[in-house]
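Q: These protein sequence lines are chains R and L, in that order. The opening residue of the first sequence carries number 1 in my numbering; numbering runs sequentially from there. The opening residue of the second sequence carries number 1 in my numbering; numbering runs sequentially from there.
No wet-lab data here; the hints were simulated from the structure. It is possible that some hints are incorrect.
Derived DSS-like pairs: lysine-lysine, alpha-carbon spacing no greater than 25 Å straight-line [what the hints assert, rightly or not]:
1) R:K128 to R:K3
2) L:K265 to R:K127
3) R:K107 to R:K128
4) L:K265 to R:K128
5) R:K166 to R:K181
6) R:K48 to R:K18
7) R:K107 to L:K265
Quick list of the computed label-pair ranges, beta carbon to beta carbon [stated by the list, open to error]:
8) L:V135 to R:N65: 55 to 61 Å
9) L:F171 to R:E218: 43 to 49 Å
10) R:K18 to L:V147: 42 to 48 Å
11) R:G40 to L:V92: 34 to 40 Å
12) R:K107 to L:F238: 49 to 55 Å
13) R:T64 to L:V147: 29 to 35 Å
14) R:H194 to L:V71: 42 to 48 Å
15) R:G52 to L:L257: 44 to 50 Å
16) R:E118 to L:S127: 56 to 62 Å
Rough simulated footprint, nothing fancy, chain L against chain R, three-plus residues with beta-carbon under 8 Å [said to hold, decoys possible]:
17) 43 to 53
18) 74 to 81
19) 88 to 97
Where a beta carbon is used, it is the ideal one built from N, C-alpha and C, also for glycine.
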Amino acid sequence: MIKKFCVDQIDVYINGEKILDHLSFSVQPGEMLGIIGPNGAGKSTLLKVILGVIKPQHGTVEITNEDHGPVIGYVPQSRAIDEEMPIQAWDFISLGLPHRLRPWLTKRDRAVIKETMELTDTSHLAKKPIGKLSGGEKQRVFLAQALVRHPDVLLLDESTANLDPKAQEEMTSLVRELCVKQQISALFISHDVHLISEYSHRILYLTRGHYTVGSVEEIIGNADLDVLYQLQHINDISSVATDVDTMRYGG
Amino acid sequence: MLQMFHYDFMQHAFIAGTIVAVMCGAIGVFVVARGLSFITHSFSHIGFSGASFAIYVGWDPLEGLLLFTTVGALSIGQMGVKFFRREASISVILSVFLGLGILFLSLSTQSGSFTSTILFGSVVGISLRDVWVIVILTIVLLCLLTVGYKMLKFDSFDPAGAQAAGLPIRFISVAFLLLLSVGVAEAVQIVGALLVFALMTIPAAVARHVTQSVFMMIVVSAILAVVGVWVGLTLSYFTSAPVSFYITAFEALCYFLAIGWSAFKSRYQPIKASV
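Only chain R is shown next, with the shape it has when bound in the complex:
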């Protein structure tokens, strides 16, 4: 479990353009922080900074663990995987284990993989090649690979974007349950306002150069967010659709 997860005053420039400006927030163990904002606001950049792939020009990301270095799990929206490669789900999940110079898996490694597959409901996919899985099954396998190393921090970059609404709900609910149970701090990017508001403990609303962190109620009530995601428009459409359905079926 992490002792401290703190993003402090980070600035990130990409090609001379300021993407993140003095961004600061902290995340508690077991907390799921939803991240929402327009395209190009720096949401994925933020996750890459936390992963250490991008170095901020200013500020720090401090993640400290009680007994060892922090372990970070990452689930992207999609992955460049050659679907013709004969790699089974079980083998794919095992890639996420901490890397030692031993080429084989120990009994303990196998037990950890089995336990993670049960947690993520992927046990029945164990022997299936990764290229033959559906979008939802693949995302669950990616999640299992991120979880198999027992992460302190879990980063989900629009990891449910390609799924149908039911699969989105199932996966996000599973992530939240695991975060609370295993005291994992999760950062979860999505453009689905319903999903973010339903499953996040708090929300980080990010626009280019500005940000707001607050409770679900505080952020969802934000007028800018209504404009960005056309929440009013969606409400209008759904009421029109209901009227049309009523007319069609003669209700």
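Fit chain L to the given chain R structure using the hints.
A: Just chain L, lined up with the frame of chain R:
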């Protein structure tokens, strides 16, 4: 048939060929997974130029092969693999090194026989000393491949996941290119610079279609490479046609059979599911 083993050159050919084939089969899986087939081809041309240079200055061809391919691997690693995957970059590298090879051969006094040896291989001309060098190099290479297996597998089959998990992907990339360069230098002696493809990529490409796990892909790829070399040596002994021809023909036949099998399987499976 066993009488061919009475000759020392055939014993050397079988030992060296088998060892190189195991190495090529194993390393080839990662070549295919990482999409480095054409970089492998570039290495063989760089190797050709290195061997020609060695002949020109009076070294052993393997020394020149190793020197040029390892320097090539470090340069490619430094500039980034993406740059070298570009078609134009590969064309330039192939042409420049082929040109250099021809230049060194024209400057040396023994160009004629060496040209065909380097370009097309000469497995039956391998001495006992060559066999020992190949054995030692292959053992070192396979040990390094075994030690780095997990990291290499992660980076080759799921590069995005490997980067996110904090693996030293740049180091892995350069280290693999170095292993590959040594592997190509060895294989050039068996199948020649122009046909390194045959042992380094075709068995792995076949194994991809007929196996269900990475480990089995490595095993099947190595077996196919070994069988290809044995078939090549045996048929060449009885017919006097070049070994490389039989090796490439055998591997190509396996490849087309595997593609056919894969197509048949994908057509048959939906029918089976609907019954």
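Q: All hints are to be evaluated individually against the structure, with a verdict given for each.
A: Against the structure, the hints come out as follows:
1. R:K128 to R:K3: Violated, because 38 Å separates the two Cα atoms, which is more than 25 Å.
2. L:K265 to R:K127: Measuring from Cα to Cα gives roughly 17 Å; hence the hint holds.
3. R:K107 to R:K128: Given that 25 Å is the threshold and the Cα spacing comes to 22 Å, the pair holds.
4. L:K265 to R:K128: Since the Cα atoms of L:K265 and R:K128 sit roughly 15 Å apart, the hinted pair holds (cutoff 25 Å).
5. R:K166 to R:K181: holds (22 Å)
6. R:K48 to R:K18: holds (15 Å)
7. R:K107 to L:K265: violated (34 Å)
8. L:V135 to R:N65: 55 to 61 Å: The hint (55 to 61 Å, Cβ to Cβ) is violated, given that L:V135 and R:N65 are roughly 46 Å apart.
9. L:F171 to R:E218: 43 to 49 Å: This hint holds: roughly 45 Å between Cβ atoms.
10. R:K18 to L:V147: 42 to 48 Å: The hinted range 42 to 48 Å holds for R:K18 and L:V147, with Cβ atoms some 44 Å apart.
11. R:G40 to L:V92: 34 to 40 Å: Holds - the Cβ-Cβ distance for R:G40 and L:V92, about 36 Å, lies within 34 to 40 Å.
12. R:K107 to L:F238: 49 to 55 Å: holds (51 Å)
13. R:T64 to L:V147: 29 to 35 Å: Given range 29 to 35 Å: holds, Cβ gap about 31 Å.
14. R:H194 to L:V71: 42 to 48 Å: violated (57 Å)
15. R:G52 to L:L257: 44 to 50 Å: holds (46 Å)
16. R:E118 to L:S127: 56 to 62 Å: holds (58 Å)
17. 43 to 53: holds (count 3)
18. 74 to 81: The restraint on the segment 74 to 81 of chain R holds, since 5 of its residues have a Cβ under 8 Å from chain L and three suffice.
19. 88 to 97: Since 6 is at least three, the answer is holds.
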